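J.: Sequence:
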Amino acid sequence: MKLYGNKRKRLTANKVIVTLSFILILIAGGILFFHLTVRPPRIPVIGDADDDGVAFHTPEFNLEDSRISGERIAPEGVTDDDRKKDFYTFLIVGLDEGWNTDTIMVASYDAKDKQANIIGIPRDSLVNVRRGVKKINAAFGAGTLNGGGKEGGIEQLRREIKTIIGFVPDFYAVINMKAFVEIIDAVNGVEVEVKQNMRYNDPTQNLSIDISKGTHRLNGADALRFARYRRGAGGARTISDYERIENQQAVIKALLSEVIKPVNWLKIPEFIRIFADNVFTDLGLTDMAWLGTELKDIRGADALNMYTMPTAGTSGLPMYYELLDEPAVLELVNATVNPYTVEIKPEDVDILAKEP
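If you use our numbering, the sequence shown closes out at 383, no skipped numbers anywhere.
Hints in this document: simulated from the structure, not taken from any laboratory. Warning: the hint list may mix true and false statements.
To be verified - Here are the computed lysine-lysine pairs in the DSS-like style, where the Cα-Cα straight-line distance is at most 27 Å:
#1 Lys205 - Lys222
#2 Lys240 - Lys177
#3 Lys141 - Lys177
#4 Lys205 - Lys112
#5 Lys141 - Lys112
#6 Lys139 - Lys381
#7 Lys240 - Lys141
#8 Lys222 - Lys240
All values reported here derive from a predicted model rather than from experimental measurement.
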């Protein structure tokens, strides 16, 4: 299917970093537990996502009002009979510092066709909430700082994600960005081709990039700099967004090729330590082991597809909200991550065309 606006493979550096960390940790878990009897994750039942019989927790802390009708994890009228078989969805979140969720993605894995799709949601996407800052990346911090901790943060984000895609993903993983650097260092670096000299210095971000043109084996810190690079020493943009994405994809391929080498299987305990230190998730060990064994067998250029949620411009001053393009969003969601045999419709989402 041709996707609206040809939005495929336009993820930012941070999204690629978090994607890599999530996939590699799962693969590491799969290798570690390959000798055990593992099972596919249990998909939440519609309207019964939690043991207490409700789709969302009802904690004592104050969740933001995101104007979600009802407590269902699926659109109204959709039942468990409408669920695609062997199809799993995930909310993947990347934390850079504190509670800043600079990376928010929705992913799916079709175990029957061995196909994974990932949609990056712009962090400044406008959502219909009551708080002053109506950006999707404020959701996790709002739930966290209102007394709920990480549980409250992910709960708030789940609610707001539903207003964009029409359903709540089955599972979540909140990943500290340090995982990316540590995983690359654990496999003794990745080999990539640097197509031009990369020189950039920004003391305000504590960011200094100095990588020469040529083929290099980069350690974790330099691979992160390579993935983030876009502007030169004078601050002017020296590569396009598409060229940066090509660099990020090169890191993905290089790192995947390293982690699946048998020699690195001996480093599984290190991968598990990285996971324990940097990931907050509701996936159990057997869930991750099963997903890891599945993902390490993915082959082919179209087996892992990356997209960015389509937008229709910004709101401008003062907030510069990213305005989601509802028809394009629905087309992309239905073609990639929708876990149901029925399509997500306009009445299933709450996407604002302009700042309220």
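J.: Give a verdict on every hint.
T.: Going through the hints against the structure:
Taking the CA atoms of lysine 205 and lysine 222, the gap is near 26 Å; set against the 27 Å cutoff, the hint holds. Between lysine 240 and lysine 177 the alpha-carbon distance is near 41 Å, which puts this suggested pair outside the 27 Å criterion. Taken as a hint, the lysine 141 and lysine 177 pair is broken in the structure, with Cα atoms around 31 Å apart against an allowance of 27 Å. A threshold of 27 Å between alpha carbons decides the hint, and for lysine 205 with lysine 112 the separation of about 35 Å lies outside it, so the pair is violated.
Of the supplied pair hints, the one linking lysine 141 and lysine 112 holds, its CA atoms being roughly 13 Å apart against a limit of 27 Å. Taken as a hint, the lysine 139 and lysine 381 pair is broken in the structure, with Cα atoms around 39 Å apart against an allowance of 27 Å. For the proposed pair lysine 240 and lysine 141, the alpha carbon gap of about 36 Å is over 27 Å, so the pair is violated. Between the alpha carbons of lysine 222 and lysine 240 the distance comes to roughly 5 Å, so the proposed pair stays at or under 27 Å and holds.
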